[in-house]
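Based on these hints, arrange chain B on the given structure of chain A.
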Amino acid sequence: MYTPLRLFITTALVAATCFFNLPAQAQESAQHEPNPIADTVNQEEHEIEHNLEESEQKFNIGQMIMHHIADSHEWEFSHGIAIPLPVILYSADRGIELFSSSNFHNEHHEYNGYHLVHGDSETIEPVDHERKIYDFSITKNVASMMLSAIILVLIFTSIGKAYQRNVGKAPKGFQSAMEIVILFIRDDVVKPNVGPNYEKYLPYLLTLFFFILVNNILGLLPGAANVTGNIAITMTLAVITFIIVHINANKNYYKHLVSPPGVPAPLLLIMIPVEVVGVFMKPFSLMVRLFANMTAGHIILLSLFGLIFIFQSMFIAPVISLFALFLNFIEIMVAFIQAFIFTLLSSMYIGSAIEEHGHADHGH
Amino acid sequence: MSLLTPNPGLIFWMLVVFLLVVFILAKFAWKPIIKGLKDRENEIQGALDLAERTKSEMVKLKADNEKLIIEANAVRDRILRDAKEASDRMIAESKDRAVVEGQKMIESARDTIRNEQHAAISKMRKEVAVLSLQIAEQVLHRELKDKESQEKLISDLASSARMN
Chain A
1 MYTPLRLFIT TALVAATCFF NLPAQAQESA QHEPNPIADT VNQEEHEIEH NLEESEQKFN
61 IGQMIMHHIA DSHEWEFSHG IAIPLPVILY SADRGIELFS SSNFHNEHHE YNGYHLVHGD
121 SETIEPVDHE RKIYDFSITK NVASMMLSAI ILVLIFTSIG KAYQRNVGKA PKGFQSAMEI
181 VILFIRDDVV KPNVGPNYEK YLPYLLTLFF FILVNNILGL LPGAANVTGN IAITMTLAVI
241 TFIIVHINAN KNYYKHLVSP PGVPAPLLLI MIPVEVVGVF MKPFSLMVRL FANMTAGHII
301 LLSLFGLIFI FQSMFIAPVI SLFALFLNFI EIMVAFIQAF IFTLLSSMYI GSAIEEHGHA
361 DHGH
Chain B
1 MSLLTPNPGL IFWMLVVFLL VVFILAKFAW KPIIKGLKDR ENEIQGALDL AERTKSEMVK
61 LKADNEKLII EANAVRDRIL RDAKEASDRM IAESKDRAVV EGQKMIESAR DTIRNEQHAA
121 ISKMRKEVAV LSLQIAEQVL HRELKDKESQ EKLISDLASS ARMN
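Going down the list, the protein sequences come from chains A and B. Mapping of the first sequence onto this note's numbering: residues 1 to 364, in sequence order. Mapping of the second sequence onto this note's numbering: residues 1 to 164, in sequence order.
One chain only, chain A, in its complex shape (with noise of 0.2 Å):
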C-alpha cells in the first residue's frame, strides 16, 4: 500500500520539477523566434569578431567570457583553430539530421535551412520559423563530457583489475593514490551520513564524484569546456540525486513531510509548504552550488586574462598571470571542494531520506 504512494509522489515531484523548467525554456525560443532579432545579434557577433580580428582597441571582455563559458557546436581551442563537433537535429518532418558543424563557416551562419545564432551561447534555429527542431548536437561540452567518462571507465576499470590481480597484495603505484581517495569518500563521507545501508549508494555516489571531479579538473585547462559550469549538466546531476532519494526514501520521509512531529495542527498550514519547498530546495541548491562556483571560477580567471588584453601593457601581463597562476591553484582546490561538496551533501540527502528511526534531518 505504501509502495504506490512513494511512486506516485516520486513521479509528481519529477514532473513538477521538469515543469517548472519548461516555461524557461519556451521563452528562451520565444526570444530567438523573430527572425530580425536573431539576425541583429548575429550582426552583432560578426562585428565583434570583425573588431578582433581588425584591432584589439575594441576588445568586448563580457563577450568574449560568456563565448568562453558557454557551450559550442566547435571545440575551439584557439582564435581559428577548432574542431568541427557532429550536429544532431531532430525535426518532426525531416527527422533526424547529421552533419558537421563546419558547415556553418560561411557568410551568413547557414546551412541547409539552419541558422546558427551567436547569442550569449550558440543556438540552431531553422530559417523557417514554422518549423520546431530538437537540438541532440555533439557539443563542446558533450564531447568534453564523453572525454571525462572514457577518462574515467580507462582508469576506474584498470584499477578495478588491478584489485582482481593483486589479491591478496598491497596496493601499487596508481592503485594506491586512487585507493586513498575512494577510502575517503567511503569511510568519511557515505558511511557516516547514508548510515548502515550505504553500500546499496557506493556506486553511485563513488562516480557522483570522480565525474564532477574529472570534469572541474578538465575545465580548467586551456581550451577545454566549462562542463561542471553549466546548468543543464549540474541539474540533471541534482535530478539524479533527488530521484534516487525520494525512490528510497522510507515511511518516515513522507510522515514528516506531511506531518512534521511537534508542530500543532495551525502551524501546518505553514509547515507543510516550507517542509515541500525545503524538499526542492535540496536539490536546486546542489545544482545551483556547482554551477555557480565553477562558472564563477572561470569568469574570474577569464576576467583577469581580459585584464591583459584591456591594459595592453608590458607590466601588467606578468602581475597579472602570477594573480592568474594563483587563481588557479585555488581552482584546482575548488574542483576538489565542489565534488566533495556535491557528493558529501547527496549522501547526507538520502541518508536523512532512508533513516530509519528518529527525526529526519531538515535540509542544511
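What the hints contain is simulated information worked out from the structure, not anything from laboratory work. Nothing here was measured: the structure is a model prediction, and the numbers come from that model. Check before you lean on any hint, since a few could be wrong.
As the list claims (entries may be wrong) - When the alpha-carbon atoms are kept at most 20 Å apart in a straight line, the in silico EDC-like pairs for lysine to aspartate or glutamate are as follows:
no. : chain 1 : residue 1 : chain 2 : residue 2
1   : A       : Lys169    : B       : Glu43
2   : B       : Lys38     : A       : Glu199
3   : A       : Lys191    : A       : Glu355
4   : B       : Lys55     : B       : Glu43
5   : A       : Lys132    : A       : Glu110
6   : B       : Lys38     : A       : Asp187
Showing chain B alone in chain A's frame:
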C-alpha cells in the same frame, strides 16, 4: 540569461553519458574495488585476530609447559623415592633372610655336630663295652686257668669288700 537556461540536448547527453558511466563503473570498477578493499580489511582483521589468539595460546602453552615440568619433577621425585624405598626394603629383607639362613645353617650344623657327637659317643661306648667284655673275657679266661690266683683274688675281693 542563456547561462541559466538548461539546454535539453545537453541534458539528454548528460543523462546518457552519466548513467552509462555509473553503470559501467559500478559493474567493472566499483564492484571489484570495493570487494578488494573489504577482503583486504577482513584479511588484516583476521590476521590481527589470529596473532592475538596465537599470543594467548602461547601464554597458555607456556603455563601448561611449566605445569608439565613441575608434574614431571614430582613424578621423578616420587619414582626415585619409591625406588630407594624398594631397594632399602630389599636390602633389609635380604639381610634378614641371610641372618635367618645363617642361623638355620648354624643350627643344622649344630644338630649335625650333636648327632655326630652322639654317634661317636655311642660308638665309643659300644667299643668300650666290647673292649671291656674282651678284657673281661681274657681276664676271666686267664683267672680261671689259675686256681691259686683265683683264690687270691677272691680273697682280695673278699678282704676289700670287708674293708669297705
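Point to revise | Proposed proximity, Glu355 of chain A with Lys191 of chain A (alpha carbon, max 20 Å) | key: holds (13 Å)
Check your understanding: Does the alpha-carbon distance linking Lys169 of chain A and Glu43 of chain B stay inside the 20 Å limit?
Key -> holds (11 Å)
Review point. Regarding the pair Lys38 of chain B and Glu199 of chain A, is the alpha-carbon distance no greater than 20 Å?
Key: It holds: about 11 Å lies between the C-alpha atoms, which stays within 20 Å.
Check your understanding: Are the Cα positions of Lys132 of chain A and Glu110 of chain A separated by 20 Å at most?
Key -> Since the Cα atoms of Lys132 of chain A and Glu110 of chain A sit roughly 17 Å apart, the hinted pair holds (cutoff 20 Å).
Check your understanding: Straight-line Cα separation of Lys55 of chain B and Glu43 of chain B no greater than 20 Å?
Key -> Holds, at roughly 18 Å.
Point to revise | Holds or violated: Lys38 of chain B to Asp187 of chain A, with C-alpha atoms at most 20 Å apart | key: Distance ~12 Å between Lys38 of chain B and Asp187 of chain A Cα, so the pair holds.
Violation of the numbered hints given earlier is absent; every hint is satisfied by the structure.
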